[in-house]
Amino acid sequence: MSHSIAVDRALVVISFKRRLAYKSHWFFGLAIGGGSMLIAMVMWQNLIGSGTLSGYDWDSMRAYTIIGFVAATMVFGAADWIMADRILDGHIAVDLTKPVDFQRARAAEYVGSMLSTFPTAVMGVVAAWLLFQPPGPATPLAGLLTVVSFLLMFPLAFGLTYLSTLVCFWTKRYLGIMWLREALLSFFSGLMIPLAFMPGWLQAVAWALPFPHFTTTPSAIYLGRVDTAGALGLLAAEAAWAVGLWVLGWLVFRTAVKKVTVHGG
Amino acid sequence: MPILEAQALTKTFRRPDKDSGFKGAVRHLMQRKYKNYTAVDGIDLSIEAGESVAYVGPNGAGKSTTVKLLTGILRPSEGTVRVMGRDPHVERIANAHDIGVLFGQRTQLWWDLPVEESLKLLKHMYGVSDADYKRRIERFDELLDLNEFMPALARTLSLGQRMRADLACALIHDPKMVYLDEPTIGLDISVKDRLRAFLRELVNDGTTLLLTSHDLADIEEVCERIVVIDKGAVAYDGSIERLKAHYITTKAVNLYLEGAANVPELAEKFPDYEWTAGEAPSEVVVTYESNRFTTAEVLGSLTAQLSPRDLSLSEPSIEDVIRRLYAGELTK
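From first to last, the protein sequence lines are chains G and B. All the letters of the first sequence, read from the start, carry residue numbers 0 to 264 under numbering that gives the first Met the number 0. All the letters of the second sequence, read from the start, carry residue numbers 0 to 331 under numbering that gives the first Met the number 0.
Heads up, some of the hints might be wrong.
[What the hints assert, rightly or not] Restricting the straight-line Cα-Cα distance to at most 20 Å, the calculated cross-link-like pairs of lysine to any residue (SDA-like) are: (1) Lys171(G) to Leu28(B); (2) Lys250(B) to Gly277(B); (3) Lys16(G) to Leu152(B); (4) Lys250(B) to Ala276(B); (5) Lys16(G) to Trp110(B); (6) Lys97(G) to His123(B); (7) Lys258(G) to Gly78(B); (8) Lys16(G) to His96(B); (9) Lys119(B) to Val99(G); (10) Lys97(G) to His96(B); (11) Lys16(G) to Met149(B); (12) Lys16(G) to Leu156(B); (13) Lys119(B) to Ile4(G); (14) Lys34(B) to Thr260(G); (15) Lys17(B) to Asp100(G); (16) Lys122(B) to Ile92(B); (17) Lys16(G) to Pro113(B); (18) Lys122(B) to His2(G); (19) Lys34(B) to His2(G); (20) Lys171(G) to Tyr33(B); (21) Lys32(B) to Trp169(G); (22) Lys97(G) to Arg323(B); (23) Lys16(G) to Trp109(B); (24) Lys257(G) to Gly78(B); (25) Lys122(B) to Ala5(G); (26) Lys258(G) to Glu115(B); (27) Lys171(G) to Arg14(B); (28) Lys97(G) to Met83(B); (29) Lys119(B) to Lys257(G); (30) Lys119(B) to Val261(G); (31) Lys171(G) to Asp16(B); (32) Lys97(G) to Asp192(B); (33) Lys122(B) to Ser3(G); (34) Lys97(G) to Trp110(B); (35) Lys34(B) to Glu50(B).
These are calculated hints, taken from the structure and not from any lab test.
Isolated chain B, as found in the complex:
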């Protein structure tokens, strides 16, 4: 049985329908008009215990709303959610014992107090034993250098420290199901790397993870499965490998020639490949279909006839695929 199951999950918000300016504001006072706005539109999602799922979509696609529906904060307009067999909104308190939630944009630390106070409060709330608490804090310290800022007031932390502290708060009770809503937002590369290493370890230990992020490196390094949503509906659901294999059908080589590259002439000479100008005058990008030609073949023919000064292979990137998914070019 899946640990999390959502069926036809829908959330509609009512938004004031106001014209701009003073006239619009007055008219709205006299005659209130509202527009319904569907943030999440019939999402089906099923997650097995131990899975690590990236939940991806452009801004306003309904990612955070979905997380709030799955965690019981919002009540679905239609459809159902079951987390470990419970309706998370109706059985909010029971559900809360088993889940860990991090909202990257909202801290759960007590702002005016040392970080340690927030963690100790959570220890009481979740009924964590002294021994477990000590063990987990030690482990978080190893991976996140928690002790560095345990006595510091939460409002004095840097964003990276705050996020590490918030992550510890979300995980102090060893939840079975963890939701991380943009855990790396605004962080620098080195803090991101540490967070990702920490999350990989969490997944290896068997925690079920749902992660939303705009950072594709988060997704590739931490998750095995990806769900792409757009305009409130699922655009893709499957393994990241399959997404790549299925949609990354072309590869590219960058050639650096001795003189300036004449793109139309080259395109005529090698009609099997697609030619585009590079950033420098002497640079040219050769795109080829990976199921028709091997890289060795392509390189062989190009170097033999053009003798380029240098060349580089671009790795196929999931970013391009997702960009195309967002743009609506791809369908599931």
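If we strip away everything but chain G, and leave its shape as in the complex, we get:
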């Protein structure tokens, strides 16, 4: 057991280092993520003013936007295309000759890749905090549960990404799949606009999907829009999605690996 954990750790570390090798990625992550956050802030300030919109006032919207920024940095900053490219260009042949579980190894790499977004997230949050001074969590417990929600985002984001890269066993391109996933995530997570602003039926669609856990869940817990029982319920749903997607990924890989075709050398 300790041996496989050592392998996981080595994969997390090497994947983290790979991301460090490209310092411009960080800069662009910060510029694009920070820029979007600033635009959202200005927009919400104008829209809400001193009133409220579906229960959000300017105070809570500032915290909401920062939470959305952290989630977006983590999930869009991880290098998911590396996994897809290896399937498409045949390097998966090399991965399959290694004595490690394929899914677990990719998960460890993905975690390393997500962790590499940490400096960007921290810098962005610190800057936003200084500029906008958002309110703290509703209660200390709510703050703690918000952290749990962010931690669960690791397996959840991996599950979604892994499944979408496995599609490459059947298709010959990844870009479209990535765009689709990112668009669905941006919209149904509440990253673009809070789910509370949407009509009831669209909210129902969103909550039938794993995406709301990327912004709506942590922000609802943080702002106290749900009580402790509600927060635990949301976290349970998030964890269930993480487990469900893991199992689904395992099943899809079992079929996909039978279809591996690596031509030409």
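Given chain G, work out where chain B should sit, using these hints.
Okay, now just chain B, sitting in the frame of chain G:
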């Protein structure tokens, strides 16, 4: 018991059957048609521990596909593979511990990181002890000058360095069974020589080796047994010596005469030999059957009657045999 055994191994791929051009592309969208294409067609192969086997065939013969079937990457369409008693596709992870694989055309180095990082990751993956790791790296350094580029980023390596680093990656866990798919592709003569010397040492130490290559010098210098495949099927399986003895039945002498050579006249004068024009007007190639005449006899009769300015003997080459095997002239 053989370390590797494949029986009636077959791999069929499905390929889109598309007409060329825009019309073909549209028609394929409407009505998808596929053709089955058999890359590996009923191969039987048995390798004993410690053997060094060259797996040879023209481009597209199914060499790489076979290697991928034997290493568990691909699932056979039909037939079975057992490596150390395991099905390498079903028991992929257990099998991976005991094998080392190098794909000459695909690196396993982490592209953006120093070579050393990739090797250390593999050390963890295979559970290699610190002492073993250190010892093996030292040995690889002696034979492959590994330390020269250990701190360099993999993407900055030359092809020769990359291949040496990849070879170290494939062997860091001291695997019992090693598959090298075109390990010398694109390398210059001096790097090839070093790799071959390294591989000979590996074989001498008792590692079982299956090597695919287009470079016949790799095969002759490293392997004892050769399996030639063509169109997915085995065309020859046996020792390289036997292949030569069996199929190289003629030898040749190049003669350089004083004046221009008159080939028809010479052919009439010495009907036992076969005469062909050489590259220069004064050069002529004499081919004779090695089981009928000794070289001494042939040289004796030629020099006595023609007094050539110079002559040279061409060594029988396995290349010619394999070329003829590929061309379908020879049968097993």
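We went through each hint and held it up to the structure:
no.	hint	result
1	Lys171(G) to Leu28(B)	holds, 15 Å
2	Lys250(B) to Gly277(B)	holds, 15 Å
3	Lys16(G) to Leu152(B)	holds, 12 Å
4	Lys250(B) to Ala276(B)	holds, 16 Å
5	Lys16(G) to Trp110(B)	holds, 11 Å
6	Lys97(G) to His123(B)	holds, 11 Å
7	Lys258(G) to Gly78(B)	holds, 17 Å
8	Lys16(G) to His96(B)	violated, 26 Å
9	Lys119(B) to Val99(G)	holds, 15 Å
10	Lys97(G) to His96(B)	holds, 7 Å
11	Lys16(G) to Met149(B)	holds, 16 Å
12	Lys16(G) to Leu156(B)	holds, 19 Å
13	Lys119(B) to Ile4(G)	holds, 15 Å
14	Lys34(B) to Thr260(G)	holds, 15 Å
15	Lys17(B) to Asp100(G)	violated, 37 Å
16	Lys122(B) to Ile92(B)	holds, 16 Å
17	Lys16(G) to Pro113(B)	holds, 10 Å
18	Lys122(B) to His2(G)	holds, 11 Å
19	Lys34(B) to His2(G)	violated, 45 Å
20	Lys171(G) to Tyr33(B)	holds, 16 Å
21	Lys32(B) to Trp169(G)	holds, 16 Å
22	Lys97(G) to Arg323(B)	violated, 38 Å
23	Lys16(G) to Trp109(B)	holds, 10 Å
24	Lys257(G) to Gly78(B)	holds, 15 Å
25	Lys122(B) to Ala5(G)	holds, 11 Å
26	Lys258(G) to Glu115(B)	violated, 33 Å
27	Lys171(G) to Arg14(B)	holds, 13 Å
28	Lys97(G) to Met83(B)	holds, 17 Å
29	Lys119(B) to Lys257(G)	violated, 30 Å
30	Lys119(B) to Val261(G)	violated, 27 Å
31	Lys171(G) to Asp16(B)	holds, 16 Å
32	Lys97(G) to Asp192(B)	violated, 28 Å
33	Lys122(B) to Ser3(G)	holds, 12 Å
34	Lys97(G) to Trp110(B)	holds, 17 Å
35	Lys34(B) to Glu50(B)	violated, 37 Å
Of the numbered hints given earlier, the model fails hints 8, 15, 19, 22, 26, 29, 30, 32 and 35; all others are met.
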